[in-house]
Amino acid sequence: MSAYPESMQESMRNVETTRPRRAREEIPMLSLRERQELLQKYHPDYREGGRREIKAGVNKGQRVPNELADLFEGISVVRPGEMDLGHVKEEVDVLVIGGGGGGASAAVFAAGGGAKTLITTKLRFGDSNTLMAEGGIQAAVGKFDSPALHYLDTLGGGGFQNLPNLVQALVSDAPMILEWLARLGVMFDRKEDGDLLASFAGGQCRRRVHSAADYTGMEIMRVLRDEVYSQGIEILEFSPAVELILDEKRRCAGAVFVNLDTDEMFVIRAKTVILATGGIGRLHIQGFPTTNHYGATADGLVIADRAGAKIIFMDAIQFHPTGTAYPEQLLGLLVSEAFRGWSAQLVNGEGRRFIHELETRDITSSATIREVVERKNGVATPTGMHGVWLDTPLVEINKGKGTIHRIFPHLFHRFDTYGIDITKEPVLVYPTQHYQNGGILIDEYGETTVKNLFAAGEVSGGVHGRNRLGGNSLLDIFVFGRRAGIQAALRAKEAVVGRPSLDHVIEYEKELEKSGILRRHIKTPLLLPDYRYEKALGKVHQ
Amino acid sequence: MENQGKKFFSIYIFGKKYRVPEGLTVQKAMEFAGYQFIRSCGCRGGICGACLTEYRTPGSYQLKVVLACQALIEQEMQITQSPFVPMNRAAYHLGALKVQPGVLGRIYPEIYRCLQCNTCTRVCPMEIQVMEYIAHAIRGDIEKVATLSFQCILCGVCAAKCPAEISQPHVALLARRIYGRHILPFPEGLGQRISDIKAGRYDRVLERLTRLSTEELMKVYTFREQEPQESDQWVPKNPKFPED
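Protein chains in written order, with our numbering: chain A, 130 to 671; chain B, 25 to 268.
One chain only, chain A, in its complex shape (with noise of 0.2 Å):
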């Protein structure tokens, strides 16, 4: 018996119908220039009145996306005046602020480089975006594959405007990650001979997404925990940073972080500091559901953004093409891109295929987009929401039986939870959020334009341009967090701290209220997500 309702059952036996034609079709990758089209006219970030300029400090005139201008023009939750700066609980070199594989990967290498190193994180050490990425990590090792090769796909998948020298960092390093974290005991998939199996994303030209089911994250972010309390690294959780310090000479010299439990406000003085905050799901941007963890709040940027640093392709929002559409418990999780990687295909209410499954997820996501709001060629829930078939059962077929339960073990128990076989029936899909494509612009030592601030990870921009590739942001907080470690962890051996002081967030609010747009209603950083009573409710919030 079938777990989709009635209504959605015609359409899915258009699934089975069409599937042992399907599994031999051929259907061509899009040209660059049809990509562009498809782009500018399906894609959210081309929406119009999606976005507006930043009004204040050195963004200002960058346009992003309005939830997040939102924050940017909202008040301190530090009020300068009234907090003392010499309430300070601890001097450290190199203080981490987020407790993902980023500020992980950071703080072993900065401690590895003999600094005082103090990981400090909103909610739990390990919460993050990191441990939800199901499909893998990007590495050319393969006989065929090169890191040039991996650098061409990059660039193709971020339409050709990442900064070059931090793809190239990304690249290079990429096999050396691997290797750490397979020594530090990641359980990577294995062929029968044992070396490493590695898997298909969109926009890759050779097989390189390495995987430990569709565990990936969560494996390798227990495993670098696990490592993190082995070297005894200290870590403060529930505290989330709410500014950055900086002293007379505009250096980043600490933060001021409050205590989620108490309330108390304090100070952590640093000679450098690595913000690896990730990303900002949880505004909704559009009204779209997001894959992101609870915790993803933007708080990294607003800090930041008001320290000075300066912000990159933060318009540039990534929509993974396969969220969950149904049921509506799991609206908007993640269903790995691996399945598609593993030859799952996408296929329309109607049974057909509208795009090729190993397009870049912007390309995907866009024809998704016109399949349903242009074309009308969705599958309509019980309540409302419409998505297209991703065709499961298929990896079955081409792949062998038990290949869903070897590869896909915690997206099968998912939907195993609501009655659905995914080896079996189809997965209702549509475009969630999923990635801040942009962020802090850094150089190739994680550093950003404000000196001793460094970064890493989701919340850092550049190296992905305006889209990543499936697979590129385990592999960029690891390459980025390690190489933001080691330098802040040098730096930290000759840096001079001056007078500690909060003067840049009087002057942004005062350049606020001057163009009048200073939105006292809005405390920022937001922290936490709001989705308490009817909002509990809302479509968006799984």
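By construction, these hints were calculated from the structure, which means they are not laboratory data. Where is the CB? At the ideal position from N, CA and C, for every residue including glycine.
In silico lysine-lysine, DSSO-like type, Cα no more than 30 Å apart, as pairs: (1) B:K122 <-> A:K320; (2) B:K40 <-> A:K664; (3) B:K40 <-> B:K30; (4) A:K664 <-> B:K30; (5) A:K320 <-> B:K264; (6) B:K222 <-> A:K622; (7) A:K622 <-> A:K218; (8) A:K170 <-> A:K189; (9) B:K168 <-> A:K320; (10) A:K530 <-> B:K168.
Here are the in silico distance ranges between beta carbons for each label pair: (11) B:N142 <-> A:L326: 31 to 39 Å; (12) A:Y574 <-> B:G213: 24 to 32 Å; (13) A:Y662 <-> B:E100: 18 to 26 Å; (14) A:E177 <-> B:G213: 42 to 50 Å; (15) A:K553 <-> B:E156: 23 to 31 Å; (16) B:Q250 <-> A:P134: 33 to 41 Å; (17) A:K639 <-> B:K40: 42 to 50 Å; (18) A:E640 <-> B:A115: 45 to 53 Å; (19) A:G243 <-> B:E239: 41 to 49 Å; (20) B:R43 <-> A:E640: 42 to 50 Å; (21) A:G243 <-> B:P125: 36 to 44 Å.
Given the structure of chain A, go ahead and fit chain B onto it with the hints provided.
What follows is chain B alone, placed relative to chain A:
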């Protein structure tokens, strides 16, 4: 508006009664009741282990264990949450460990206290055969512990319920790390590629690519050969591209 036609359930959150619409997950029901989580909320997708929840329903002796983000509410359920479980994590350095059959028992000798009551397996929200992997740990079969425990999200409920006071998630994590580092073979192709990179084999081509204009890059990009999805035996026509 959205409440129209919805049936309401009574639920008891830490003993306090709330009325919430049916069909919600426990997590969303608590949010509907007015909770803004600091603890007991993480990925909201069943993989981070933050939202460990226990409940009973009227007329049943059973104490059920679920993840709040995954489980749907039930009429009259009484809910409590355990956002943190104290666990014993031993101090060790992975690189210095020797792979001997008794290594897990040496670091976590409490595994020998296992009473085989099977409570750990029964309460695991991930349906892991916890008692079985502890039995393998006692026998020294690291590979079995590693593979059987792979889906552990470290929520800690097994450790909270264990009458022998074992911290199963940490035993399993150690086994997996030993397995990944010391037992799985180090991948050959990876070592070779790293030596090549360190020897500067790709420096020239990467330097050249970073200097190309967008138009030139787009042209080079379109010359890539696409490895087919089906074949494992594929050989590109120009294996040197884009180096030459």
